[in-house]
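> From first to last, the protein sequence lines stand for chains G and P.
Numbers 1 to 149, taken from full-length UniProt numbering, label the letters of the first sequence in order.
Numbers 1 to 149, taken from full-length UniProt numbering, label the letters of the second sequence in order.
Worth flagging that the hints you see were computed from the coordinates, not collected in a lab.
Worth double-checking, as some hints may not be accurate.
Since the list gives no way to pick one copy over another, a pair counts as held whenever it fits inside one copy or between any two copies.
With a cut-off of at most 25 Å between alpha-carbon atoms, the simulated SDA-like pairs for lysine to any residue come out as follows [unchecked claim]:
| hint | residue 1 | residue 2 |
| --- | --- | --- |
| 1 | LYS97 | PHE39 |
| 2 | LYS81 | GLU140 |
| 3 | LYS139 | ALA49 |
| 4 | LYS133 | ARG112 |
| 5 | LYS145 | GLU86 |
| 6 | LYS133 | GLU40 |
There are 2 protein chains.
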Amino acid sequence: MAAEGILAVRQLQASDFDKGFLEVLAHLTTVGDVSREAFEEQLKRRDAAGGYHTVVIEDDGRIVATAAMIVELKFIHGCSKVGHIEDVVVDPAYRGKKLGIKLIEALVEAARGAGCYKIILDCNEANTAFYEKCGLTRKEVQMVKYLDR
Amino acid sequence: MAAEGILAVRQLQASDFDKGFLEVLAHLTTVGDVSREAFEEQLKRRDAAGGYHTVVIEDDGRIVATAAMIVELKFIHGCSKVGHIEDVVVDPAYRGKKLGIKLIEALVEAARGAGCYKIILDCNEANTAFYEKCGLTRKEVQMVKYLDR
């Protein structure tokens with residue numbers, strides 16, 4: 001493992017499929033059977049849509065942490081933008097090294113650069129303390145409806 | 001005012017600028033000084049990005065309710081999608097007529113059609129009862145960070 005300070009945040013690349021990007025996401029939730037082709041096509045669709053920012057941290061040729069943001073174009077607040085932070089996860093072997101904070105800081109900077117007036121995210125109760133360390137405060141209630149497809 | 005059952009949900013159109021679309025949004029939050037040109041350009045940017053669904057209800061030539069959704073392309077859950085519902089508002093003079101539920105139902109159908117495995121939204125404590133009537137359940141905590149621009 002590289003010295004902690006060396007681990008840099010960078011954008012997700014198609015070649016990260018071979019570096020365990022999906023395996024890191026699997027520490028967060030179900031990823032399922034995603035082929036290289038499906039991954040690359042989804043990455044292209046996100047790039048074509050614009051507004052997606054996906055950051056990763058690599059160590060020893062493996063992705064060890066990732067977080068994503070989608071920038072929403074609003075009509076309110078003078079046609080402003082909001083960054084939605086999603087799918088934040090650090091490999092369990094790399095926790096406690098402030099990698100999560102580095103990812104959030106990178107996305108906050110990207111949101112600022114994109115002209116967002118705020119960033120928002122949803123997390124479970126146990127993770128609120130982490131996001132408070134990242135400078136976020138609790139605001140509303142997330143509601144959900146799962147869809148039968 | 002038309003009979004309640006007549007009011008139909010439809011997609012936002014550029015001409016809704018002249019029908020008070022922004023004035024309805026102003027019942028939700030600050031809209032600010034948005035020119036026709038700025039509105040039309042943001043609408044075009046949203047259309048070009050894809051994944052935006054904005055529904056409105058019109059009565060007597062005026063927009064009286066609106067809600068929006070942005071469909072996020074995920075890598076998780078087999079490269080699935082999530083619908084983020086945003087900016088739901090009904091003109092105060094039209095509240096209690098189930099227009100809000102009609103808008104949410106339309107967006108849930110759009111999310112289903114787009115292949116979303118769930119829809120999510122953030123609301124304040126006072127509005128959770130309304131969304132429970134729409135079939136949503138409470139899940140997580142929304143966190144926010146406002147950005148100095």
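> A separate judgement is required for each hint: does it hold in the structure or not?
Hints and how they fare:
Taking the shortest alpha-carbon separations for LYS97 and PHE39, neither the intra-copy value of 28 Å nor the inter-copy value of 44 Å comes in at or below 25 Å. Taking the closest pair of Cα atoms, LYS81 and GLU140 come within 25 Å of each other both inside a single copy (18 Å) and across two copies (23 Å). Proximity of LYS139 to ALA49 under the C-alpha cut-off of 25 Å is found in neither arrangement, the shortest distances being 29 Å within a copy and 28 Å between copies. Taking the shortest Cα distances, LYS133 and ARG112 sit within 25 Å of each other inside one copy (19 Å), while across copies they are farther apart (36 Å).
For a Cα distance limit of 25 Å, the shortest separation of LYS145 from GLU86 qualifies both inside one copy, at 17 Å, and across copies, at 14 Å. In this homomeric assembly, LYS133 and GLU40 never come within 25 Å of each other (Cα to Cα): the closest approach is 34 Å inside a single copy and 39 Å across copies.
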